[in-house]
Amino acid sequence: MNLTPPTRRQQRWMLTGLMGLAVLVEAGMAYFLAQDPQQSVRLRSILLGLGFTTLLWGLSFSVNLRLRDLQRIIVLLTTLWMFVNVQSVITTQRPVTSGVLLHMVMLTLLAFSWLPTRWAAGTVVPTYLALSWGATFSTEPDHPGLILLSFALGLIWYLTRHGQEVQHERWRKAQWRELASTDPLTGLLNRRAGVAQMDAMISTWAHQPQCLSILMLDLDHFKQINDSMGHARGDDVLVAVARVLADVTRPEDVLVRWGGEEFLVVLAGKGATQARETGHEILEAVRHLRLPDCPPLSLSGGLAFLSEADEVRTLVTLADDRLYQAKAAGRDQLA
Numbered sequence: 001m002n003l004t005p006p007t008r009r010q011q012r013w014m015l016t017g018l019m020g021l022a023v024l025v026e027a028g029m030a031y032f033l034a035q036d037p038q039q040s041v042r043l044r045s046i047l048l049g050l051g052f053t054t055l056l057w058g059l060s061f062s063v064n065l066r067l068r069d070l071q072r073i074i075v076l077l078t079t080l081w082m083f084v085n086v087q088s089v090i091t092t093q094r095p096v097t098s099g100v101l102l103h104m105v106m107l108t109l110l111a112f113s114w115l116p117t118r119w120a121a122g123t124v125v126p127t128y129l130a131l132s133w134g135a136t137f138s139t140e141p142d143h144p145g146l147i148l149l150s151f152a153l154g155l156i157w158y159l160t161r162h163g164q165e166v167q168h169e170r171w172r173k174a175q176w177r178e179l180a181s182t183d184p185l186t187g188l189l190n191r192r193a194g195v196a197q198m199d200a201m202i203s204t205w206a207h208q209p210q211c212l213s214i215l216m217l218d219l220d221h222f223k224q225i226n227d228s229m230g231h232a233r234g235d236d237v238l239v240a241v242a243r244v245l246a247d248v249t250r251p252e253d254v255l256v257r258w259g260g261e262e263f264l265v266v267l268a269g270k271g272a273t274q275a276r277e278t279g280h281e282i283l284e285a286v287r288h289l290r291l292p293d294c295p296p297l298s299l300s301g302g303l304a305f306l307s308e309a310d311e312v313r314t315l316v317t318l319a320d321d322r323l324y325q326a327k328a329a330g331r332d333q334l335a
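In case it helps, UniProt numbering puts the sequence shown at residues 1 to 335.
Rather than coming from a laboratory, the hints here were simulated on the basis of the structure. As the structure is a prediction and not an experimental result, all values here were calculated from the model. Treat each hint with caution, since some may be false.
Straight-line alpha carbon distances no greater than 20 Å define the calculated SDA-like cross-link-like pairs of lysine to any residue that follow [to be verified]:
| id | residue 1 | residue 2 |
| --- | --- | --- |
| 1 | 270 | 187 |
| 2 | 270 | 203 |
| 3 | 270 | 327 |
| 4 | 223 | 235 |
| 5 | 173 | 187 |
| 6 | 270 | 307 |
| 7 | 270 | 173 |
| 8 | 223 | 280 |
| 9 | 223 | 236 |
| 10 | 270 | 316 |
| 11 | 223 | 329 |
| 12 | 327 | 226 |
| 13 | 223 | 206 |
| 14 | 270 | 210 |
| 15 | 270 | 204 |
| 16 | 173 | 161 |
| 17 | 270 | 172 |
| 18 | 223 | 197 |
| 19 | 223 | 333 |
| 20 | 327 | 276 |
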């Protein structure tokens, strides 16, 4: 469950791909315009745009350039590119082409997606006004097109801001769901989320019950650590043991802080031998765990299989009973 926005690395790669596509588009336009001698003025503008996009494409590979700075550079160069197009319209009195209008739309989309609202408005509005003023020098001014463009720019502003609000709300709800299902100390699932996961996995593995098992684990003599070294030190021990569990198990295994010093591990796709081997690996890893000023640690565990029970409560009770058998037999073992 992760509805968070893409990572910075993913965003950078998407940006690199976008810039690469822009280079190909500009190169294709330059190629076709070069076939027509009457398009020499537009060709110069396109070649300049090709230079801009190639520069941006190259910058997107720079690991020393922060993503936010790269985005701002892209907006800045796109704005400069727009003013170059406006200057071209003024000097040549050529029509404002659909390509120029599209560049204005692209600038607006990038600005409102990547910049604070005030900065974006301070970039887009002057550029649009400059384009409208430049169009008055054209022999074929497209006033209706510019009016429609102003509506499109406003629509882009609304959609980008609304989209960002929706994304933020989804992210916030995902964070709340994660907080509600995660033990704040160890980062493992809490008991409620663990039960929900087991319910789902029992339905999935009902046809192969011998391949779904749970390990109920309990830290031996943990009360003595709390009483003699304090609860803060006890919390350090719990966090360290949780890390051991994460290191020994697979990503698809479910790790739960069941309560206090008890942990529960759900192993899917492992038979009896493999599950027991995993249990022994966990116990062995905890035996070798050394924390400063802390006595040696050990776990006792109980292992139970879905083939021995038909619901979560029965399965957990069986594993818990075997855990106490391990405790009674001298601790630091798996029953």
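- [ ] Compare the distance between the alpha carbons of residue 223 and residue 235 with 20 Å, and conclude whether the hinted pair is satisfied.
- [x] holds, 12 Å
TODO: Decide if the proposed pair is consistent with the structure: residue 270 and residue 204, CA atoms, cutoff 20 Å inclusive.
DONE: holds, 14 Å
Task: Hinted pair residue 223 and residue 236, Cα distance within 20 Å - done: Distance of about 14 Å is within 20 Å: holds.
TODO: Verify the proposed pairing of residue 270 with residue 187, using a straight-line Cα cut of 20 Å.
DONE: Roughly 24 Å separates the two Cα atoms, so the pair is violated.
TODO: Would you mind confirming whether the straight-line C-alpha gap from residue 270 to residue 327 stays at or under 20 Å?
DONE: It is violated: about 25 Å lies between the C-alpha atoms, which goes past 20 Å.
Open item on the list: With the threshold set at 20 Å, check whether the alpha-carbon distance from residue 173 to residue 161 stays at or below it.
Closed with: Status holds; Cα separation ~18 Å.
TODO: Assess, step by step, whether the Cα of residue 223 is no farther than 20 Å from the Cα of residue 197, and give holds or violated.
DONE: violated, 29 Å
Task: Restraint check for residue 223 with residue 333, where alpha carbons must lie at most 20 Å apart - done: holds, 19 Å
Task: 20 Å limit on alpha-carbon distance, applied to hinted pair residue 270 and residue 172 - done: violated, 36 Å
Open item on the list: So if I understand the rule, the pair passes when the alpha-carbon distance is 20 Å or less; does residue 173 with residue 187 pass?
Closed with: Given that 20 Å is the threshold and the Cα spacing comes to 18 Å, the pair holds.
TODO: Below or equal to 20 Å on CA atoms is what counts here, so check residue 223 against residue 280.
DONE: violated, 23 Å
- [ ] Below or equal to 20 Å on CA atoms is what counts here, so check residue 270 against residue 210.
- [x] holds, 8 Å
The structure fails to meet hints 1, 3, 7, 8, 13, 17 and 18 from the earlier list, while all remaining hints are met.
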